[in-house]
Amino acid sequence: MANRTVGTARLVHGTDPQLLIETTFRQRIYESLYWKDQCFGLTITGVMEKAASLTCIGGCFGASRKPTEFLCLMLKLLQLQPDRQMVDVLIDQEDFKYLRALALLYFRLTEAPVEIYQKLEPLYRDFRKLRVRTEAGSFEIVHMDEFIDTLLHEKETCVVTLPVLTRRMALEDAGQLAPRISPLDNDDDSDCDS
Amino acid sequence: MSNLNAYGGARQGDSFRKKWDIEAYAQKARDREEKLRTDEENEERRHKGQKPQMLPMLENPELLEARKSAINLDKMVGKTQVIQASSAAAGQAGFYCKECDITVKDSLSFLDHINGRKHQHAINRIMKVRSETLEDVVKKLEELRKIKRRQQRIKEGSSDYNFYERVEMLRKAEQEKKRRQKEAKRKHRMAKQTADDEPDEMAAMMGFSSFGSKK
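Chains R and Z, in that order, give the protein sequences.
Sequential numbering from 2 applies to the first sequence in the numbering used here.
Sequential numbering from -13 applies to the second sequence in the numbering used here.
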């Protein structure tokens, strides 16, 4: 089971969900000690437990391209393929921000564009700090809303190439999404005098 | 053999000789032969490029489970060990797997072995994880929340929380001690009373309560 996707998994974007992480990085994860030791035989609740004690997000770092625990758990989730409802629960919870980040990335990788916009945009109000492990191996701070912005607009994050997301305007024109009303639009009593 | 020994006396029998459980050892030999045969077959198959023969089905296998604690690979570093090798593999340096009788030199390869099909089969596990439901996830989340809250309480309100708690505990402990002392005293008094009663019976019957002077 160690490196195989669960038998009941459905295809995501036309392929095995694990293939959403590129081969090079996937190999690095399979060969890492954390994966072999602690991610073996993990269930979804096991992943939750480990994610609750995560301390940073990130991809692979250092000269040896060591994968972060975040990335290993990400691959594990792709292997286990939790239900949409489970992922909703993990995103909606407020207590564990790294678990939320993990579930958000999973959501972004596996769900349809309309769902992604509808789920991720309200979470712009979460401005908690996240620690990011850079490729060099040092740490940086990023905020949760910046992370969500990355998920919605960038091509890749944490070493994972994000699937192409239809542009919001295209979905609005097609009538599948209402135009976005930012919470900041109602903020008329701004601090600046000008 | 006749019942008489060389000198014409009765034979004692051979109850002093060690008895071997022939059946058990025969079974062992059969298992070993079987294993050698399957190993040879797998060797041939591997040469041909085929997959090895399937392992026999397990009776009541358990589902795959994650390890409860991390494997400590550094356990034997710097330590000297007297080897009492039960087999050729057990005597070698490296990571020894008891269930499969294999020594692996490399820690990552050892983990690969531990996580692999053959070893899991040997410990009666199938390579499938328990599939979980939404309720499991919700319940787990609640558990994690509780743990987090408890940790926060201990960390944040550490001085206050512990102070009142400790005062309370000490007060209760003192009360308990007092109560126990009272109980012990009462019992002691009761015991003494009954002890005094008995000689009175004797005195009523005999006229004296005990031997020995009253000095």
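Hints in this document: simulated from the structure, not taken from any laboratory.
It should be emphasised that the depicted structure is a prediction, and the values quoted were computed from it without experimental measurement.
Do not take every clue at face value.
[Unchecked claim] Computed list of lysine-lysine pairs in PhoX-like fashion (alpha-carbon distance at most 20 Å, straight line):
hint : chain 1 : residue 1 : chain 2 : residue 2
1    : Z       : K126      : Z       : K54
2    : Z       : K37       : Z       : K125
3    : R       : K98       : Z       : K104
4    : Z       : K134      : R       : K98
5    : Z       : K61       : Z       : K37
6    : Z       : K61       : R       : K98
7    : Z       : K134      : R       : K130
To see whether the hints hold, each was checked on the structure:
no.: 1; hint: Z:K126 - Z:K54; verdict: holds, 16 Å
no.: 2; hint: Z:K37 - Z:K125; verdict: violated, 42 Å
no.: 3; hint: R:K98 - Z:K104; verdict: violated, 39 Å
no.: 4; hint: Z:K134 - R:K98; verdict: holds, 13 Å
no.: 5; hint: Z:K61 - Z:K37; verdict: violated, 35 Å
no.: 6; hint: Z:K61 - R:K98; verdict: violated, 35 Å
no.: 7; hint: Z:K134 - R:K130; verdict: holds, 18 Å
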